[in-house]
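Student: Generate the whole structure from the sequences, applying the supplied hints.
Chain by chain, the residues run as shown.
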Amino acid sequence: MSWISALGPLQWLMILLVPPAVLSLYFLKLKRRELAVPSTLLWRKTLEDVHVNSIWQRLRKNLLLYLQLLFLAFLILACLRPGWSGQNRMGERRIYVIDNSASMQATDVAPSRLDLAKKKVRELLSDTSADDVGMVIAFSDRADVRQGFTKDRNRLFSAVDSIPTTSHGTDVSEALRAAAGLANPGRSSFDNLSDIMVADAIPATVYLLSDGAFGDLGDFDVGKLKIEYIPIGETKTNNLGIVSFAVQRNEDKASKLEAFARITNRGDQKVEFTASLELDGKLLDASTGSVDALGEAGLLFELTDTDEGQLKLTLDYEDALKVDNVAYAAIRPTKQISVLFITPGNNALETALQTPRVQQIASVQVESPTFLSEPAYQAATLDANFDLIIFDQCSPIQMPSSNTLFLGSIPPAIANTTISNTIPDDSKSNGWKFGEPQGPAFILDVNRSNSITQFLEMGSVIIVEARVVDSGESGTVLMTSNIGPVFAIAPRGPFQDAVLGFTIVQATSEGVGVNTNWGNRRSFPVFVYSLVEYLGGGITESSSPTVQPGWPIGLVLSKRFKDFRVVAPDGQSTDLVRGDESRYTFTKTELPGIYQVFAKGIEKPVESFCVNLFSSRESDLAVADSVKMGFDKVAASGTTIQARKETWRWILLFGLALLVVEWIVFNRRVFI
Amino acid sequence: MSESLPIKPSQSTTLLSSETMAKLERMELVSRKIFRGRMKGERRSKRKGQSVEFADFRNYVSGDDLRFIDWNLFARMDRLYLKIFLEEEDLHFYTIIDDSLSMDFGEPSKFFVAKQIAASLAYIGLCRGDRVSVSSFETSSNPIVIRGKASAHRLLGHLASLSCVTSATTMAESIKRFCVKNTGKGIVVLVTDLMNKSGYESALRMLVAREMDIFLIHLLCPEELSPAAQGDLRLVDCEDGDQREVSISAGLLHRYQQALAAFIEQAKSFCNKRSITYVPARSDQAADVLVNEYLRGKGLVR
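So the protein lines, in turn, are chains G and L. When the count follows our numbering, it moves up by one through the first sequence with no breaks and lands on 672 for the last residue. When the count follows our numbering, it moves up by one through the second sequence with no breaks and lands on 974 for the last residue.
The hints are simulated quantities; they were obtained by calculation from the structure and are not laboratory data. Computed from a prediction, not measured in an experiment: that's the story for all the values here. We put the beta carbon where it would ideally sit given N, CA and C, even for glycine. Some hints could be false.
DMTMM-like mimics (lysine to aspartate or glutamate), calculated; alpha carbons at most 25 Å apart, straight line [claimed, not checked]:
| no. | chain 1 | residue 1 | chain 2 | residue 2 |
| --- | --- | --- | --- | --- |
| 1 | L | K869 | G | D216 |
| 2 | G | K45 | L | D914 |
| 3 | L | K945 | L | E873 |
| 4 | G | K226 | G | E48 |
| 5 | G | K282 | G | D268 |
| 6 | G | K45 | L | E883 |
| 7 | G | K45 | L | D904 |
| 8 | G | K45 | L | E895 |
| 9 | L | K869 | G | E92 |
| 10 | G | K45 | L | E917 |
| 11 | G | K45 | L | E937 |
| 12 | L | K940 | G | E34 |
| 13 | G | K45 | L | D912 |
Calculated from the model, a selection of chain G residues having no Cβ within reach of chain L, i.e. all distances over 10 Å [as the list claims (entries may be wrong)]:
| no. | residue |
| --- | --- |
| 14 | A36 |
| 15 | A379 |
| 16 | G519 |
Tutor: Right, dumping it as structure tokens:
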């Protein structure tokens, strides 16, 4: 016999309390109704032969009690679910894949799409037999295995109930890969080709409960999975959503800001709407607009005299999905990058640093190499007053606490104590090595993936003399010439050092000589601008970066502070601890809204970023009636699931109620 | 809260309707025994006397009233004979009503029906010039004694004034008092439900000892004959407050019927053995029907 309980411990306790309760009914002294009679003479005579004092004797003759106790015994036995363990039969494997992306928050079906999906899964779970094993996976833009394969239905139920709502996008492939793990086992090793399959494929049924807003899965191999797609939601659902909201400075007038929003209408009717823009919680502007069916519309707000603040755009339109009706943006104050340029004289670079574009983002201080020995320099580097220091043909004793660029020189070795104004011949510094001067050199390749060299066109640049730059293991080569790498960048703690293996102009014994024609080329100011922007850490965009909910965001924060904390829209604070990385990665971006970064000891936020849904796919609430998986097209299975409604509990309760009624009727002997 | 069967403390309906009275006027009370009355009445007496009804002849002895000598016989026989006539006398008729609280049940109440029966029989007696005495257990030592049809309103007035009382007087005590007070013989009609826990036997024996013509009208109400009560009850005796807990069931009701039948049978056989006429009666039955049919059948009225 195998005992699999049909009831939970509490329910068992209640059932086991029933027999004593039934027994107590028979002991129970009834509250009797008083009735005046002419005389109890005859009653006394009647009762004389009936009246028995002992309750046990009374019980002994009560047939009903024994029938009821017998009935209860069978009832409890039935609840024990006795069975014979024959072949250990493995039931069906069922995988419940539930979409909890942003679009599942839609309320076109009551109470919401996610709740409906949970309800349907619960119905499906009720239908399963005791041998069936189930698995619960929730997915948004990532898969979340809420419950591995188990026969325990209670655990499956609680796993389903615990699925939270998210504002994430949708990507079902990871969830399906997780589901397929058992059904389509892969190879354990790629080296041993004879090992084709490590385990027998176990077929499984995947119940995919989603609104289908994930597109087709072109390369997914269904294999032995049987996919049942159960669409959740209405096919036609009107929804208005903000898919983009950004703030930027007017090109002509720096003091003017423009906030731009793109609004999409996924319904089949033209929609009029009102959008209100709030700055720091106060209504700033409002605008009305209309969007055609399945169309998009833009909204433009002009903001004057606004240098910083938090913007919130709200669409005043009732639709099924609320989360895409709000968008956030933060205006950042313009930030000046301070650049220190130490050079014995370099007209080309100085000119390039004087261009209006560079001037807009940076303030440049030019000093001669003698400045390096001055106390002002020591103080400035210690306080990290400069975001970028450019060393032209010189190098400091100690590396400053800022990003650096070395032109024709390399960062000093850690133990190097001599002040060197000339190019060091033998550099055994932090992994940086210089080769012997060679020439002429011309650039063969430029690293396009790096922001500094991204837009550079170096084809016509000729270099008289250059040195090969070896940045060590951690560095990245940015330019490669015919003699080898000549420009490289490498991290140094939170900072980055870039080394250019040649100078632009070179001080020789005959005066200043031009080393390269790059200074005349158009790419040079572009290079300088990119350099200042990238190494200066100057993000000059007026609006803060925005990410989709759940996605990590990289934060470039001022090096001046050590400890930061991020305050989420709901007020929750997370500490950021400076590691070796120059960028912080913040991952707790579940809530849409504006996140602010505070430095320790500073009241004003040093940085802010926004989390917005901005997904036209999530805003599109129309439910796909089929999903394409590889070569298979999975049509929606009937919206009505053949679910088994369990009624045995009610029958059980009815039986117990019947027991009580029986007792009352029998004891009062009303109809007998 | 105690719930009781409907009790009618005062019946507004009259004890005797005019039609009933007209019917009763044609009846007369019959005694199986001939009793010596106190006054000249309409009944034959054991005693010889002055009536029109001839009884016998006897020899004249000196001192006899010359008016009763049969002169025709003297002429033929030349001897003096006296004609003897039967004396006609009045009948003593007693009615005793049980006034215990148990009589106050039923619809109409047993007590009311008892009063109706008493009124009917007494009225018959009044119409025939009998001496009528009406009393309850409580007033058994001090009954109303009336004679003549003209006293009918007194009779009815007295009966109407009677009510059930919470009395410590048992049936035996009342009958004892009655016997002490009323030394004469006659017809006794006892209307009672016999629901007396101390027993009715001694009381009846006392009456029997007085050599009276006894009629026992055993009056029971439907509540006693076939109880309609249901469920789990605490039965409270209205007289002594005795409580019995019962759960009414078919079996219990069956046993009750058996007990009731045994009780009636016992009373009946007790009466029969002592030549007491036992008349069972129901309170839901009309009193005049009882008087007209049952009592006529039993030979009390004619």
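Student: Compare the structure with each hint and give your call.
Tutor: How the hints compare with the structure:
1. L/K869 with G/D216: With a Cα-Cα distance of about 99 Å, the restraint between L/K869 and G/D216 is violated, given a limit of 25 Å.
2. G/K45 with L/D914: 13 Å, holds
3. L/K945 with L/E873: 12 Å, holds
4. G/K226 with G/E48: With a Cα-Cα distance of about 77 Å, the restraint between G/K226 and G/E48 is violated, given a limit of 25 Å.
5. G/K282 with G/D268: Given pair G/K282, G/D268 is violated - Cα atoms ~33 Å apart, limit 25 Å.
6. G/K45 with L/E883: Roughly 33 Å between the alpha carbons, so the hint for G/K45 and L/E883 is violated.
7. G/K45 with L/D904: With a Cα-Cα distance of about 18 Å, the restraint between G/K45 and L/D904 holds, given a limit of 25 Å.
8. G/K45 with L/E895: With a Cα-Cα distance of about 16 Å, the restraint between G/K45 and L/E895 holds, given a limit of 25 Å.
9. L/K869 with G/E92: Measuring from Cα to Cα gives roughly 80 Å; hence the hint is violated.
10. G/K45 with L/E917: 13 Å, holds
11. G/K45 with L/E937: 14 Å, holds
12. L/K940 with G/E34: Roughly 32 Å between the alpha carbons, so the hint for L/K940 and G/E34 is violated.
13. G/K45 with L/D912: Within the cut-off at roughly 16 Å; holds.
14. A36: 4 Å, violated
15. A379: 101 Å, holds
16. G519: 115 Å, holds
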